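**Student:** Here is what each chain is made of, one letter per residue.
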Amino acid sequence: KAGVTQTPRYLIKTRGQQVTLSCSPISGHRSVSWYQQTPGQGLQFLFEYFSETQRNKGNFPGRFSGRQFSNSRSEMNVSTLELGDSALYLCASSLGQGGEQFFGPGTRLTVL
Amino acid sequence: GESVGLHLPTLSVQEGDNSIINCAYSNSASDYFIWYKQESGKGPQFIIDIRSNMDKRQGQRVTVLLNKTVKHLSLQIAATQPGDSAVYFCAENRGPPPRDGGTSYGKLTFGQGTILTVHP
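As you go down the protein sequences, you meet chains A and B in turn.
Everything in the first sequence is counted per our numbering, starting at 1 for the first residue and increasing by one.
Everything in the second sequence is counted per our numbering, starting at 1001 for the first residue and increasing by one.
These are computed hints drawn from the structure, not numbers from a lab.
Wrong hints could be hidden among the right ones.
[As the list claims (entries may be wrong)] DSSO-like mimics (lysine-lysine), calculated; alpha carbons at most 27 Å apart, straight line:
(1) A/13 with A/57
(2) B/1071 with A/13
(3) B/1037 with B/1056
(4) A/57 with B/1056
(5) A/57 with B/1037
(6) B/1056 with B/1068
(7) B/1056 with B/1071
(8) B/1068 with B/1042
(9) B/1042 with A/57
(10) B/1071 with B/1037
[Claimed, not checked] Taking CB as the label site, the calculated pair distances span:
(11) B/1060 with A/3: 14 to 24 Å
(12) B/1082 with A/11: 42 to 52 Å
(13) A/20 with B/1018: 44 to 54 Å
(14) A/3 with B/1011: 24 to 34 Å
(15) A/8 with B/1045: 16 to 26 Å
(16) B/1056 with A/59: 25 to 35 Å
(17) A/2 with B/1039: 31 to 41 Å
(18) B/1051 with A/3: 21 to 31 Å
(19) A/13 with B/1070: 18 to 28 Å
(20) B/1017 with A/52: 43 to 53 Å
[What the hints assert, rightly or not] Selected chain B positions facing chain A (in silico; Cβ < 10 Å):
(21) 1036
(22) 1042
(23) 1044
(24) 1046
(25) 1049
(26) 1053
(27) 1078
(28) 1108
All of these numbers come straight from a predicted model, not from anything done at the bench.
A virtual CB, placed ideally from N, CA and C, is assigned to each residue, including glycine.
Throw the hints in and build the complete structure from the sequences for me.
**Tutor:** Below is the structure:
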């Protein structure tokens, strides 16, 4: 069974640009959660999607948004990038009803 | 300005020793706890989980203990191996009930992590 995949794995952007990251969950998983990992703040929850609906949201500004498609694949978008958005963005999928979350390898975003 | 990173606790052990990694959580309403292992360049990997109605759960070479009275969680690794070297995170689920009324375990709150180094 294929694991969670994230694309791209590495990304370099400049301040003010926007970026879209993609996550393909494990087949059959309906929940996708996104996390930001930085040396300063650790792992922080961004949002969770379940059956194409945002089910939970963390404390991030509106520049961070996401969506989920009918095949459960998810994208997150960050607009007007800031230097502080440089981080490892992790996606995790689960069946969605209390099941274990499986993480992808992450997308390393660097904002210059 | 200069960013200040988290100062992660570290634990160094010899191969074959038992390791104990501790974690304190803050929300007494949390009902699900998980331990993850993260190796360099990889995403967190599930190790073991425990529900709040339990105080102990065992897996292969790992045991998780939950003390709800003092809001403390620990991970015990038996016969630690060099391949166990990684950053270990505890996580708790304390998200609000989702609008659909279902149970959501998609919002995890992570601890700062502990660096485990195993010396051959």
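**Student:** Quickly compare the C-alpha distance for residue 1056 of chain B and residue 1068 of chain B to 27 Å and report which way the hint goes.
**Tutor:** 11 Å, holds
**Student:** Could you check the hint for me, namely that residue 1056 of chain B and residue 59 of chain A are 25 to 35 Å apart, CB to CB?
**Tutor:** 33 Å, holds
**Student:** Taking 10 Å as the limit, does the beta-carbon of residue 1053 of chain B come near enough to a beta-carbon in chain A?
**Tutor:** Violated, about 13 Å.
**Student:** Check the hint pairing residue 1071 of chain B with residue 1037 of chain B against an upper bound of 27 Å on the C-alpha distance.
**Tutor:** 21 Å, holds
**Student:** Holds or violated: is the Cβ of residue 1042 of chain B closer than 10 Å to a Cβ in chain A?
**Tutor:** 6 Å, holds
**Student:** Measuring from beta carbon to beta carbon, are residue 1017 of chain B and residue 52 of chain A in 43 to 53 Å?
**Tutor:** Cβ of residue 1017 of chain B to Cβ of residue 52 of chain A: about 48 Å, so the range 43 to 53 Å holds.
**Student:** Would the hint linking residue 57 of chain A and residue 1037 of chain B be met if the CA-CA limit is 27 Å?
**Tutor:** 24 Å, holds
**Student:** Given a hinted range of 44 to 54 Å, is it respected by the beta-carbon distance of residue 20 of chain A and residue 1018 of chain B?
**Tutor:** 45 Å, holds
**Student:** So, residue 1044 of chain B near chain A? Judge it on the closest CB pair being under 10 Å.
**Tutor:** 5 Å, holds
**Student:** So the hint says 42 to 52 Å: do the beta-carbon atoms of residue 1082 of chain B and residue 11 of chain A match that?
**Tutor:** The hinted range 42 to 52 Å is violated for residue 1082 of chain B and residue 11 of chain A, with Cβ atoms some 32 Å apart.
**Student:** Residue 1037 of chain B and residue 1056 of chain B were given as a pair; does the straight-line alpha-carbon distance stay at or below 27 Å?
**Tutor:** 19 Å, holds
**Student:** Within 21 to 31 Å or not, the Cβ separation of residue 1051 of chain B and residue 3 of chain A?
**Tutor:** Holds: the Cβ-Cβ distance is about 25 Å, inside 21 to 31 Å.
Checked against the numbered hints above, the structure breaks hints 2, 4, 8, 12, 17, 19, 26, 27 and satisfies the rest.
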